[in-house]
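2 protein chains.
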Amino acid sequence: MLRTQFEEELDKLHNQFYAMGTEVLAQINRTVRAFVSHDRELAQEIIEKDEIVNNYEVKLEKKSLEIIALQQPVAHDLRTVITVLKASSDVERMGDHALSIAQATIRMKGEVRLKDVEEEISKMGRAVKLMVEETMHAYIKGDDEKAREIAASDKDIDAHYDRIQALAIERIKENPEAIIAGKDYFQVLTYLERIGDYATNICEWVVYLKTGKIIEL
Amino acid sequence: MLRTQFEEELDKLHNQFYAMGTEVLAQINRTVRAFVSHDRELAQEIIEKDEIVNNYEVKLEKKSLEIIALQQPVAHDLRTVITVLKASSDVERMGDHALSIAQATIRMKGEVRLKDVEEEISKMGRAVKLMVEETMHAYIKGDDEKAREIAASDKDIDAHYDRIQALAIERIKENPEAIIAGKDYFQVLTYLERIGDYATNICEWVVYLKTGKIIEL
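So the protein sequences, as listed, match chains A and B.
Here UniProt numbering is used: position 78 in the first sequence is 78, and no number is missing along the way.
Here UniProt numbering is used: position 158 in the second sequence is 158, and no number is missing along the way.
You may find that some hints are simply not true.
[Stated by the list, open to error] Keeping only pairs whose Cα atoms sit at most 27 Å apart, straight-line, the calculated DSS-like set for lysine-lysine is:
no., chain 1, residue 1, chain 2, residue 2
1, B, Lys109, A, Lys59
2, B, Lys62, A, Lys146
3, A, Lys62, B, Lys63
4, A, Lys62, B, Lys12
5, A, Lys62, B, Lys210
6, B, Lys63, A, Lys210
7, A, Lys59, B, Lys129
8, B, Lys109, A, Lys155
9, B, Lys12, B, Lys59
10, A, Lys12, B, Lys62
11, A, Lys213, B, Lys12
12, B, Lys115, B, Lys129
13, B, Lys49, A, Lys213
14, A, Lys62, A, Lys141
15, A, Lys155, B, Lys49
16, B, Lys173, A, Lys49
17, A, Lys173, B, Lys12
18, A, Lys213, B, Lys59
19, A, Lys115, B, Lys173
20, B, Lys213, A, Lys62
21, B, Lys59, A, Lys62
22, A, Lys155, A, Lys141
23, A, Lys59, B, Lys210
[To be verified] If you want a taste of the chain B side facing chain A, the calculated C-beta under 7 Å gives, among others:
no., residue
24, Tyr18
25, Val58
26, Glu61
27, Ala69
28, Val112
29, Arg113
30, Ile180
31, Gln187
32, Thr190
Everything labelled a hint here was simulated from the structure, so no lab data went into it.
All values reported here derive from a predicted model rather than from experimental measurement.
Note that beta-carbon positions come from the ideal geometry of N, C-alpha and C, so glycine has one too.
Chain A on its own, in the form it takes in the complex (with noise of 0.2 Å):
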C-alpha cells in the first residue's frame, strides 16, 4: 500500500509523541530513584534532560498547528493531531514534576532522613511510573477501555499519598529535625500524585482519540 505523504505526517506525530511519553517516563523512574538513592548526580542529570521534554513539546505544538492548518484534516485525521497538541502539555507538565523532583534530591543534602517514609515514597513512586507508562501504551494502541481502566486506577495512588502523609506526620512529630526533608517529602508527593492526575487526562484524550468524546475521567 502506499502511504501519502499526509499518513506519514501523522504517523511521525503519533511516534514523537510517543518517544515524549518515554522520555518522560524514563525522567520519572531516575528521579525517583534519585530521590530516595540521595543521589544528587542523577538529580542533575535529570534537571539537565528537561530541556529534551521541553523541546519536545514545542515542536509538537508546532507541528501540530501547521498540520492543522495546512492540511485541514478532519475525523480520526484531526483527533489524532488535537490528541498530540492537548496532551503533550500534560506530558510536559509531568516532566516538570520529575524536575521539581530532582531539585528537591539537589536541596536535600546532608538534613536528617526518614528511611520508611522514602521506602513508602519509593512504592508510590513505581505506582505512578506504572500508571504513566500503561498509559501511553494506551496511546499507542487506541485503547480506550484499557484507558478508562487506569485512569480508575488513580484512587491507588491517591491512597498511597494519603497513608504517605499520614506516616511522614507521625515520624516527624517524633523527630522534629526531619522537618527539613519532611517539607520535601510533602511536596514530592504531591508531585507524584499529581502526575496521576495527568495520566487521567491522558487517559481522557485517548478516549476522544478513539470515540470522538470529550469526558472526564
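Keeping the supplied structure of chain A fixed, place chain B upon it in accordance with the hints.
Structure of chain B alone, referenced to chain A:
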C-alpha cells in the same frame, strides 16, 4: 458592519473563555481567604463551585473542536480557537489547585496554626491572584507585550514561595505540634506557586494569539 455567524461564534468562544478565567479568579480569591480565615463554609462553597469550572472546560473544548472541524478557520481565527483549546486546560488546573487549597482548609480544623505563616501565605495569595487577573486582561486585550511582562513577574511569586517555606520550617522546629498544619502550608504554597506557572503558560498563548509564535516564557 454586518457580522457573519462565524465571527459571532469566535467572539462567543473568546468571551466564554474570559468568563471561565473570571470564575477561576474568583475561586482563587475565595480559597486564599477561606484558608487564612479558617472559613470552612466558604471552603465548602469553593468545592461545590469547582464543577462550574470543569463544565466550562468541557464546553470550551467541544466548541473549539467543532469550530476547527466544521469551519476550518485559518490565520488569526485559527489562533483564537487554538488559544482557547490550549489555555482552557491551564485555567481548569488553576481551578483544581484552588479546590485543593479549599480541601486543605476543611482538613485543618482544630489543628495548631502558625499565624505569621498564614499572613505570608495570604500575601502570596494576593500576588498570585493579581498575576492571574493581569493575565486574563492581557488575554482579552491580546496584549503580547504585557503577557511577556507578567510571565517575567513569576519570579516574584517564586521568591514568596522560598521565603515562606523557610519561615514555616523555622516555626515548626520551635513548635513541632504545628507539623499537621505545616504539611498543608507546604502543599498550599506548592499549589499557589503552580498557579503562577499556569498563568505563565497562558501568557505564552497570548503571545501566540498575537504573533503566531510558539515560545517559552
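Hint status (Cβ of B/Ile180 to nearest Cβ of chain A, threshold 7 Å): Holds. Min distance 6 Å.
Hinted pair A/Lys62 and B/Lys12, Cα distance within 27 Å: holds (26 Å)
Proposed proximity, B/Lys129 with B/Lys115 (alpha carbon, max 27 Å): Answer holds: B/Lys115 to B/Lys129 is near 21 Å, not above 27 Å.
Interface hint status, B/Glu61 versus chain A (Cβ within 7 Å): holds (5 Å)
Holds or violated: A/Lys59 to B/Lys210, with C-alpha atoms at most 27 Å apart: OK: A/Lys59 and B/Lys210 at ~19 Å, within 27 Å.
Hinted pair A/Lys115 and B/Lys173, Cα distance within 27 Å: Holds, because 20 Å separates the two Cα atoms, which is no more than 27 Å.
Distance restraint between B/Lys63 and A/Lys210, which requires alpha-carbon spacing of 27 Å or less: Status holds; Cα separation ~19 Å.
Restraint status (C-alpha distance of A/Lys62 to A/Lys141 at most 27 Å): It holds: about 24 Å lies between the C-alpha atoms, which stays within 27 Å.
Distance restraint between B/Lys62 and A/Lys146, which requires alpha-carbon spacing of 27 Å or less: holds (23 Å)
Satisfaction of hint between B/Lys49 and A/Lys155, Cα-Cα up to 27 Å: Judged against 27 Å, a Cα distance of about 22 Å means the pair holds.
B/Lys59 paired with A/Lys62 [C-alpha distance capped at 27 Å]: Status holds; Cα separation ~25 Å.
Agreement of hint B/Tyr18 with chain A interface, Cβ distance less than 7 Å: violated (20 Å)
Comparing the model with each earlier hint shows violations of hints 1, 7, 16, 17, 24, 28, 29; every other hint is respected.
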